[in-house]
Structures are given as structure tokens and as C-alpha cells.
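Asker: Listed below, chain by chain, are the residues.
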Amino acid sequence: MPAKPNGKGSEKVRRVIVVGGGLAGLMTVIKLCEAGVPVDLFSLVPVKRSHSVCAQGGINASVNTKGEGDSPAVHLEETVYGGDFLANQPPVKGMADAAPGIVFMLDRMGVPFNRTAEGLLDFRRFGGTLFHRTAFAGATTGQQLLYALDEQVRRYETLDVEDSKGSVIRGEKMVRKFELWDFLSIVRDDDGVARGIVAQDLKSMEIEAFSGEAVCLATGGCGIVFGRSTNSVINTGTAAAAVYRQGACYANGEFIQVHPTAIPGADKLRLISESARGEGGRVWVPRDPRDARKGREIPEKDREYFLEEKYPGYGNLVPRDIAARELFKKCFHEKRGVYDPKTKKNENEVYLDLTHMPEEMLRKKLAGILEIYEKFVGEDPYTNPMRVFPAVHYSMGGLWVDFERSHSGSLVIGSPRNQATNIEGLYACGECDYQYHGANRLGANSLLSCIYGGMAAGPAIATYVKNMRKASTGDTSKSVFEAARKREEDHYKSILDMEGDENPYVLHQELAETMLRDCTIERDNGVLDKVIEKIDDIELRARKCGVTDQATHANQGAPFIRHLFNMVVIARVIAQGARNRDESRGAHFKPAFEKRDDKNWLRTTLAMHEAGEGNQNNSIKYVRGIDYSIHGAPMHASDAVDVSLVTPRVRKYETAGAASETAKKSDDHEDEKSENRAEA
Amino acid sequence: MERTVKLKIRRQDGPHRPETRRWEEFVVPWQPRMNVISALMEIRKNPVTTKGEKVAPVVWESVCLEEVCGSCTMLVNGKVRQSCTALVDAISPHGETITLEPMSKFPLVRDLVVDRSRMFGDLKKVHAWIQLDGTHELGPGPRQSQENQEEAYPLSRCMTCGCCLEACPQINDSSGFVGPAALNQVRLFNLHPSGKLHASERLETVMGEDGVAGCGKAQNCVEVCPKEIPLVDSIASVARQTTKQMLFKWLLK
Ligand SMILES: Cc1cc2nc3c(=O)[nH]c(=O)nc-3n(C[C@H](O)[C@H](O)[C@H](O)COP(=O)(O)OP(=O)(O)OC[C@H]3O[C@@H](n4cnc5c(N)ncnc54)[C@H](O)[C@@H]3O)c2cc1C
Numbered sequence: 001m002p003a004k005p006n007g008k009g010s011e012k013v014r015r016v017i018v019v020g021g022g023l024a025g026l027m028t029v030i031k032l033c034e035a036g037v038p039v040d041l042f043s044l045v046p047v048k049r050s051h052s053v054c055a056q057g058g059i060n061a062s063v064n065t066k067g068e069g070d071s072p073a074v075h076l077e078e079t080v081y082g083g084d085f086l087a088n089q090p091p092v093k094g095m096a097d098a099a100p101g102i103v104f105m106l107d108r109m110g111v112p113f114n115r116t117a118e119g120l121l122d123f124r125r126f127g128g129t130l131f132h133r134t135a136f137a138g139a140t141t142g143q144q145l146l147y148a149l150d151e152q153v154r155r156y157e158t159l160d161v162e163d164s165k166g167s168v169i170r171g172e173k174m175v176r177k178f179e180l181w182d183f184l185s186i187v188r189d190d191d192g193v194a195r196g197i198v199a200q201d202l203k204s205m206e207i208e209a210f211s212g213e214a215v216c217l218a219t220g221g222c223g224i225v226f227g228r229s230t231n232s233v234i235n236t237g238t239a240a241a242a243v244y245r246q247g248a249c250y251a252n253g254e255f256i257q258v259h260p261t262a263i264p265g266a267d268k269l270r271l272i273s274e275s276a277r278g279e280g281g282r283v284w285v286p287r288d289p290r291d292a293r294k295g296r297e298i299p300e301k302d303r304e305y306f307l308e309e310k311y312p313g314y315g316n317l318v319p320r321d322i323a324a325r326e327l328f329k330k331c332f333h334e335k336r337g338v339y340d341p342k343t344k345k346n347e348n349e350v351y352l353d354l355t356h357m358p359e360e361m362l363r364k365k366l367a368g369i370l371e372i373y374e375k376f377v378g379e380d381p382y383t384n385p386m387r388v389f390p391a392v393h394y395s396m397g398g399l400w401v402d403f404e405r406s407h408s409g410s411l412v413i414g415s416p417r418n419q420a421t422n423i424e425g426l427y428a429c430g431e432c433d434y435q436y437h438g439a440n441r442l443g444a445n446s447l448l449s450c451i452y453g454g455m456a457a458g459p460a461i462a463t464y465v466k467n468m469r470k471a472s473t474g475d476t477s478k479s480v481f482e483a484a485r486k487r488e489e490d491h492y493k494s495i496l497d498m499e500g501d502e503n504p505y506v507l508h509q510e511l512a513e514t515m516l517r518d519c520t521i522e523r524d525n526g527v528l529d530k531v532i533e534k535i536d537d538i539e540l541r542a543r544k545c546g547v548t549d550q551a552t553h554a555n556q557g558a559p560f561i562r563h564l565f566n567m568v569v570i571a572r573v574i575a576q577g578a579r580n581r582d583e584s585r586g587a588h589f590k591p592a593f594e595k596r597d598d599k600n601w602l603r604t605t606l607a608m609h610e611a612g613e614g615n616q617n618n619s620i621k622y623v624r625g626i627d628y629s630i631h632g633a634p635m636h637a638s639d640a641v642d643v644s645l646v647t648p649r650v651r652k653y654e655t656a657g658a659a660s661e662t663a664k665k666s667d668d669h670e671d672e673k674s675e676n677r678a679e680a
Numbered sequence: 681m682e683r684t685v686k687l688k689i690r691r692q693d694g695p696h697r698p699e700t701r702r703w704e705e706f707v708v709p710w711q712p713r714m715n716v717i718s719a720l721m722e723i724r725k726n727p728v729t730t731k732g733e734k735v736a737p738v739v740w741e742s743v744c745l746e747e748v749c750g751s752c753t754m755l756v757n758g759k760v761r762q763s764c765t766a767l768v769d770a771i772s773p774h775g776e777t778i779t780l781e782p783m784s785k786f787p788l789v790r791d792l793v794v795d796r797s798r799m800f801g802d803l804k805k806v807h808a809w810i811q812l813d814g815t816h817e818l819g820p821g822p823r824q825s826q827e828n829q830e831e832a833y834p835l836s837r838c839m840t841c842g843c844c845l846e847a848c849p850q851i852n853d854s855s856g857f858v859g860p861a862a863l864n865q866v867r868l869f870n871l872h873p874s875g876k877l878h879a880s881e882r883l884e885t886v887m888g889e890d891g892v893a894g895c896g897k898a899q900n901c902v903e904v905c906p907k908e909i910p911l912v913d914s915i916a917s918v919a920r921q922t923t924k925q926m927l928f929k930w931l932l933k
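Residue numbers (our numbering), protein chains in the order written: chain A, 1 to 680; chain B, 681 to 933.
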């Protein structure tokens with residue numbers, strides 16, 4: 001018998017567990033339900049409040065509404081080029097090919113996308129491309145997509161489970177939600193297969209085990225490791241860290257995206273989406289570093305549009321890694337940030353200017369982000385150039401997941417290998433996986449990869465579960481669940497008993513400040529050695545925390561200590577990965593190793609956790625390949641990157657069209673062929 | 681002297697612990713661009729009251745910190761709003777004490793946290809969704825005019841934050857009124873070309889006293905909605921639709 005969570009539901013139905021209700025998790029749930037597989041959905045917060053709600057600018061799909069010659073082939077090429085060729089290409093192809101269908105599906109779900117005069121979906125420009133490829137709903141696209149998927153999942157909450165003969169199983173709904181629960185770990189049976197999870201109810205603080213025929217993690221990114229970032233406060237990466245500690249491989253952790261344009265704040269660095277530049281926003285600094293005039297009073301000739309000058313091909317829409325480095329250079333190295341006559345300093349800020357655009361257009365397309373600027377800065381962005389600076393934004397790295405390549409170089413949808421981690425029965429998708437963006441993500445590709453990841457994970461898990469039922473290997477003894485539950489409960493109790501002098505929030509701040517200062521835009525091996533020492537130090541001191549709260553109800557202090565432990569684990573993966581990789585690629589930039597080094601480093605970083613014994617610290621074992629199995633069949637993957645579709649070349653955003661050269665050529669080729677045909 | 685921020689916070693350890701209801705006061709260092717959330721974050725780092733008592737840090741809910749997730753709603757100086765956009769310099773320009781209390785119309789969980797699950801339940805009740813045939817490829821959705829999008833989009837920005845329910849006098853222990861947020865969703869889905877196909881089903885769910893007739897027209901909801909959703913118009917629109925539907929049914933009898 002599968003273990004029953006105490007008093008939660010019945011044993012009549014076997015379910016799959018999805019952890020995380022952002023775009024990726026919700027899409028996985030919908031696909032599972034469509035395949036007839038009931039789901040238990042866990043989330044730290046009501047899923048409608050998941051971090052995906054923050055996404056502003058839009059979602060990419062080469063629908064070619066503007067007749068520019070855009071196509072999924074171009075989308076694929078620009079994505080892998082933007083990612084500096086570190087992404088395996090078949091999943092990216094699968095994603096780019098599916099993108100138009102995904103946006104149409106969202107449209108059918110009722111997402112209020114902006115429209116053209118003809119009533120079609122409107123598209124705008126984003127970074128790393130010259131095409132209008134980004135569908136958007138004002139400047140709160142993530143919110144609108146999340147709500148659409150949330151609504152469909154809510155519908156499944158009202159639908160009954162049916163047995164194989166089509167009769168309703170009473171009292172069982174297709175989706176059961178466990179909101180305000182913290183995922184703690186997976187339950188592994190004696191063969192190491194994932195059979196369920198242990199989670200904690202954040203109101204009653206009860207810790208319980210749940211059985212699931214498979215588990216899918218869709219728990220998002222880890223920006224809070226860097227403290228203030230553009231991320232939501234719940235993005236501590238704790239769930240991914242937990243399964244990494246249990247043996248899941250973590251890939252390309254060192255690739256952290258810094259977004260060029262955010263507003264500095266005391267609690268958060270709020271993003272001003274790339275869509276501002278997509279709609280015509282321009283980045284500049286005053287030519288005279290002592291210019292004390294207000295931004296709007298500085299005339300055109302006294303402004304330096306430094307991105308446009310250096311990268312005439314893509315201008316303000318160069319990919320984020322490049323834009324962020326240029327902004328950093330202006331402010332940090334050249335001390336040319338906006339001058340504040342009050343402080344008599346050049347602040348770490350540059351102008352992001354929309355004031356030359358018509359206000360009515362801005363209100364229709366960008367109100368969501370301009371409202372954020374107005375509310376938090378107290379200045380009108382319609383008439384004043386905004387002041388912005390880079391902020392940590394997105395993790396390209398994440399849990400390693402597999403894929404099965406089709407003949408055409410895409411994914412075999414329905415293969416149980418897609419989105420499978422190296423722990424059998426454990427799947428992952430969304431920002432918590434590493435799969436789609438290589439060394440640098442293009443804007444508006446994340447919402448897409450989350451949804452596509454869910455579309456790949458759902459059918460993969462459904463196949464896995466069906467094969468498992470045939471082999472009837474589904475039953476795990478109750479004692480396995482009880483042992484797993486007990487382990488987490490004991491751990492939690494030990495946290496409640498912590499009486500040291502360290503305040504966990506202060507420790508987190510210390511960790512974050514180090515990571516932010518020394519492990520983001522520019523990296524240096526000497527400095528990284530110190531970062532790792534600091535992580536060692538914090539890991540030790542974290543054991544000497546004093547718990548700030550011992551309440552038995554809605555306790556936030558004790559779970560935070562657990563998240564802190566896990567953030568230290570992820571910080572190490574990021575920093576050590578950065579230390580090891582002696583090259584510059586995408587978001588990972590080392591001035592001492594300025595070039596990309598395909599000979600040695602065109603490979604995925606594969607990190608495996610090694611727990612420190614006793615008083616020793618944790619460490620990382622790096623591997624060059626992964627072996628795991630699915631229902632007894634051995635699977636193998638190496639760290640070599642599948643670059644079979646687009647041959648790696650050096651990125652050149654100075655030249656217009658450089659990112660889509662190959663697809664363009666083969667297009668011309670096609671044209672020639674058809675012309676020849678016409679002539680013949 | 682160093683600038684500080686003074687907070688007075690309503691606390692209670694749990695729903696069944698009314699005896700623990702109390703005010704506590706804290707002082708934290710001021711920072712530029714500070715909001716209520718960053719003040720609460722400062723308290724966590726050193727949870728000591730102005731009386732010098734070491735206490736458990738204040739418990740509150742927050743996620744996005746940019747007013748799109750709806751989590752951090754509370755009463756700030758007696759007014760219901762998100763605490764992330766409550767900038768310290770704006771609400772306490774001369775260092776006045778800032779008071780924080782949990783919303784009063786939802787069951788208390790602890791300190792500033794309340795349980796808003798009824799709002800998600802209401803979304804189920806009113807069928808706030810499109811009846812999708814499936815997520816497989818079926819081509820683009822129905823064409824829509826720019827005007828339609830411009831009417832729907834603002835309605836769709838409701839983040840289930842609870843402000844409108846908190847401010848509505850018709851929401852109280854003796855009424856089952858569903859409230860403005862859910863009614864606005866009925867209008868939203870009835871506007872959509874595919875959503876319309878199930879409009880009457882949706883309207884059925886809000887007929888009667890607990891539905892659209894429960895509105896007392898106080899118009900407080902519009903005043904407090906952080907996203908400036910035209911809630912009064914939405915309620916009026918749904919009221920018109922239900923009247924039409926009732927008449928129609930009566931004629932068919
Ligand atoms: C400000 C901002 C703007 C952005 N704009 C865009 C954009 O315009 N276009 C684009 O493509 N991308 C954008 N992105 C990126 C994109 O929003 C994210 O990468 C994406 O939403 C991640 O979705 P997800 O489903 O993977 O995870 P999330 O939406 O982060 O969801 C994670 C889920 O996991 C749950 N969870 C986490 N940990 C636990 C745990 N321990 N226990 C239980 N549940 C847990 C959470 O509750 C949540 O439900 C933006 C990001 C930010 C920060």
C-alpha cells in the first residue's frame with residue numbers, strides 16, 4: 001500500500017506529485033490531467049502568487065505576424081547563439097518549434113494579449129533578435145499567463161477522478177492543492193527510486209510524507225542567494241538544493257543572469273523589463289561625468305548612447321550579459337554613472353529613456369512597469385528618463401535533466417527521459433532545470449521554456465507512470481515513508497532547539513553581499529577563492545544560529561534556517577562552478593580568461609553533492625557523465641553539448657543579423673531552390 | 681541623530697489565542713527608498729521591542745514585492761493596501777509612527793497573516809475559467825478587437841489581494857456576499873468570445889442575495905483597489921446581465 005498522509009485524502013487513487021505552481025508546474029499538472037493522471041500539487045504560497053506573476057515583458061514565439069521572415073529555425077539559432085552555444089540544441093529546437101502553438105493555446109485560454117488592428121496577436125521586440133517575436137499582455141505578461149494556467153488547474157480541482165472504466169471515484173478530484181506547504185525532500189525507496197515527498201504545512205507546522213508515483217519539481221530559481229535581486233522573496237532555491245543533497249545532479253550552476261535594468265531598492269531590486277527597450281527605450285549616460293542637470297534637461301548632443309554606439313547591429317537590444325557588462329563598466333570602471341549634485345557622486349545608475357515615445361502608446365504597452373517605477377521611485381517616467389542599474393535576475397543553471405532526441409533533431413514528446421533527473425522517478429522543469437538557455441538566456445524565452453518544459457514533463461511522467469503500473473512496481477512499504485518523515489521531523493526539532501548567537505537573517509545578508517559583489521558580472525579566481533572561504537565560514541556559523549521563533553503555529557523563523565542551509569549549498573555550487581570554468585562564456589565572464597574556450601569548456605558542468613562528515617564542510621564532486629536508469633533500462637548522458645543543429649561560432653552583436661546568419665542562409669537557399677523550380 | 685522608523689504592530693499568536701492579542705512597538709534604522717516590508721525585514725534581524733523585550737519576529741506574508749502577487753495586503757495606518765508599495769517616506773514623512781494591522785474580514789492566522797482561501801474558493805464557485813477543449817494545437821484563439829482587449833486587460837489584473845473585500849461593508853459575519861473580486865471575474869470571462877459561450881452558467885452562480893444583489897453600492901471597493909479595476913462598473917455590468925437572464929427565463933416559462 002502506498003503510504004497515506006495522515007488524514008489527507010484517501011488511498012483510492014494513485015497520484016503524481018508536482019511541487020511548484022508557477023508556469024512550469026501548472027503546465028505539468030494540466031498535461032498530466034489530460035493524460036488522466038491525478039495530481040497532488042504543492043506550493044510554498046497560493047499558486048496564483050507564484051513568482052511567475054512577476055514576469056513583465058512577454059513570451060517568444062516566431063509567429064511572424066509582421067512578415068519579417070521570422071521562423072522557428074531563426075528562433076532556435078538566435079537562442080543558442082545568445083546562449084553562447086552551451087545549450088543542448090534538440091530541446092531548444094523542440095521549444096522554438098512548439099512556441100507558436102503555445103502562444104495560441106494561451107490565447108485560447110483567454111490571456112488578454114495585446115492585439116493588432118486586424119485583431120491578431122501583437123508582437124514586440126526583445127533582446128538578442130531583430131524580429132518582433134514577443135507576445136505580451138501589457139507589461140504584466142507573466143501575471144496574465146499564470147492566471148490563465150491557474151484557472152485551468154482550478155477547473156481540474158472541480159473535476160472528478162474516473163477509474164479505468166470511466167466511473168467516477170467518489171470524493172476524488174483530479175487535482176488536490178497543498179498551498180502554503182514547504183517541500184523538504186523526496187522519499188527514495190530501497191532502490192533509490194523517488195516514491196513521494198516529505199513536506200511541512202507552514203500553518204500547523206506538521207511534517208508529513210506523501211506518496212506519489214513520480215515527483216516533478218517546478219520550484220523556480222534561486223535569486224535570493226544573492227539577497228536583493230529582481231526575484232520574489234520565496235526564490236531561495238531550497239527545493240532544488242534539497243534534492244541535490246539527495247543525489248540529483250546540478251548542472252551549469254555558475255551561469256547566473258544579471259539583468260541590465262533594475263531600480264535599486266532597500267528590499268528588492270525591481271526590474272524594468274527589456275520590453276522598455278523593445279518598444280524603443282534608449283540607454284545613455286551624460287557625456288560630461290560632472291553634468292549636474294536633470295536627465296530630461298540634458299540635450300541630445302550631450303548624451304552618450306553607449307550601447308548603440310558600440311553595438312550598432314543590435315543597439316539597446318544586445319543580450320543581457322553584454323548589456324549588463326557594459327553598464328557595469330560605465331558605472332564601476334569608468335565612474336560615468338549619473339552624477340548626483342546632492343551627494344557629489346557618480347551614482348551607480350544610467351538612464352533608461354522612454355520620454356521620446358508617445359505617452360498613449362506607452363500606457364497601452366508598458367503601463368505595468370512604468371507604474372512600478374512611479375510607485376517606487378516617485379518620479380514620472382513618461383517625462384523623466386528612468387535611472388537603472390543591473391541586478392541578479394535568473395539562473396540558467398539548475399537540476400540536470402535528460403532528453404530523448406528525435407530523428408529531426410527535436411524531442412520525442414512522451415519519452416520518459418524528457419525532463420528526467422538522474423534520480424529515477426524525479427522530474428524537473430521550469431527555471432529550476434538547466435535545459436534551455438545555455439550560458440545566457442534571451443529575454444522572453446523563460447516563460448516559454450517553463451511552459452514547454454511542462455509540456456515535455458507531463459507526457460514524460462505519464463509514460464513513466466503507465467510503464468510502472470504495468471510492471472506493478474508501485475508499492476513501497478510504509479516504513480520507508482515513516483523513516484523519511486521522521487528524519488525531517490527530527491531535523492526540524494533540532495532547528496527549533498538551536499540556541500547559538502548567529503541571527504539567520506544577518507548571516508543570509510552576509511552571504512548575499514559576498515555573492516553579489518564577487519560572483520556576478522565579473523569574476524576573478526583570486527576573489528572567488530575568497531568567496532568560497534566565506535561560504536565555508538558561513539556554513540560553519542549557520543550551525544550556530546539561534547532560532548528566532550519557537551512557535552508551533554505559522555512559524556517563519558525556523559523554516560528560514562532550513563532555507564538558509566540550502567542557500568549555502570547552492571551558493572557553493574555557483575561559486576565553485578565559476579572558479580573552475582577558466583573561460584568567458586555568456587553570463588560567466590572572467591577578465592583573465594577573456595575568450596570562450598570551446599576546446600576545453602564546450603561542456604556542461606555537472607555537480608554532485610558530497611556531504612561533509614561531522615564538523616567538515618560539504619563539498620562538490622564534478623563528473624563528466626551521468627548514468628541512471630528508468631525501469632531497469634540503463635541511461636547514459638555525457639557532459640558534451642549537443643551542437644548538431646547550429647555550429648558554434650563567435651558572437652558578434654556589432655553586426656546586424658549576425659545571430660541568425662545560418663537560418664537566413666538556408667532560407668535564401670530555399671528561396672533560390674524555389675526560384676529555380678519556378679524557372680524550371 | 682540617525683534617522684529611524686517607528687512601527688506599532690498588532691500581534692496575535694494564532695486564531696485561537698485571543699489572549700495574546702497585543703500591540704508591540706519597534707524602532708529600526710531608516711534606509712533610503714525604504715518600504716514597510718524592508719522595515720519588517722529589519723525587525724527580523726534584531727527582534728527587540730522598544731521596551732527592550734526580545735520577541736519572535738513579526739510574521740507577515742509577501743512574495744513579489746512589486747504589487748503584482750497580492751500577498752502582502754494589510755492595514756497600514758488603518759488603510760488597507762499592499763505593504764510593499766507603502767513607502768516609509770510617503771506614509772511617515774516626519775517620522776510618525778507607522779501602525780500595521782492584519783485585515784479584519786478574513787480569519788487570522790498569526791500577526792499580520794490572514795487566510796484568504798475563501799477568495800480562491802469563490803473563483804471556483806463562479807467558474808472563472810474558459811472551458812478549454814485541450815492544450816493540444818488547435819490554432820489561434822478567436823480574433824479580438826483592440827477595444828475588447830483594452831476592456832478585458834484591466835479586469836484581468838485582479839491579484840486576489842483582498843482589499844475590496846476588506847473595504848466592503850456588505851462583507852461581514854452575517855452575510856454571504858461573494859464580493860467585488862469574484863463578480864469582476866464573471867464580467868471578465870463573459871466578455872471573452874469563448875468565455876461568453878458559458879455566460880449564463882456563470883451568471884447562475886451569482887444570482888440572488890449572496891451574488892450580485894448583495895452589493896450595497898457603497899463603492900468602497902473602487903476606492904481601495906490598488907490596480908484601479910473599475911469594480912463598480914463590473915458589478916453593474918454583471919447585474920445587468922443577470923437581470924436580462926432572469927427576464928429571459930421568465931419569458932420562456
Ligand atoms: C521581474 C521579472 C520579470 C521577468 N520577466 C520575464 C519575461 O518577460 N519573459 C520571460 O520569459 N521571463 C521573464 N522572467 C523570468 C520568469 O518569470 C521566470 O523564470 C519563470 O516565471 C519561472 O517560472 P517557474 O514556473 O519555473 O517557477 P516560479 O514561477 O518561480 O514558481 C515556483 C513555484 O514553486 C513553488 N516552490 C518553490 N519552492 C518550494 C518549496 N520548497 N516547497 C513547495 N513549493 C515550492 C513556489 O511556491 C512556486 O509555486 C522574469 C523574471 C523576473 C524576476
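Simulated from the structure, these hints should not be mistaken for laboratory data.
There could be a bad hint or two in this list.
[As the list claims (entries may be wrong)] Residues from chain A that face chain B, not an exhaustive set, calculated with beta carbons under 7 angstroms:
#1 Val45
#2 Gly101
#3 Ile234
#4 Gly500
#5 Asn503
[As the list claims (entries may be wrong)] Here are the computed lysine-lysine pairs in the BS3-like style, where the Cα-Cα straight-line distance is at most 30 angstroms:
#6 A:Lys203 x B:Lys785
#7 B:Lys907 x A:Lys364
#8 A:Lys599 x A:Lys665
Computed from a predicted structure; not experimentally measured.
For each residue, glycine too, the CB sits at the ideal point set by N, CA and C.
Asker: If a hint holds in the structure, say so; if it doesn't, say that too.
Answerer: Now the hints, each set against the structure:
Here the hint on Val45 of chain A is kept, as its CB sits about 6 angstroms from the closest CB of chain B, short of 7 angstroms. A least Cβ separation of about 4 angstroms between Gly101 of chain A and chain B falls short of the 7 angstroms threshold, and the interface hint therefore holds. This hint holds: Ile234 of chain A has a C-beta 6 angstroms from the nearest C-beta of chain B, less than the 7 angstroms allowed. About 15 angstroms separates the beta-carbon of Gly500 of chain A from the nearest beta-carbon of chain B, more than 7 angstroms, and the hint is not met.
The closest approach between the C-beta of Asn503 of chain A and any C-beta of chain B is roughly 6 angstroms, which is under the 7 angstroms cut-off, so the hint is satisfied. The straight-line distance between the Cα atoms of Lys203 of chain A and Lys785 of chain B is roughly 19 angstroms, inside the 30 angstroms bound, and the hint therefore holds. Between Lys907 of chain B and Lys364 of chain A, the direct Cα distance comes to roughly 15 angstroms. Compliance with the 30 angstroms bound is thereby established for this hinted pair. The straight-line distance between the Cα atoms of Lys599 of chain A and Lys665 of chain A is roughly 26 angstroms, inside the 30 angstroms bound, and the hint therefore holds.
Hint check: a violation occurs at hint 4 only; the rest are consistent with the structure.
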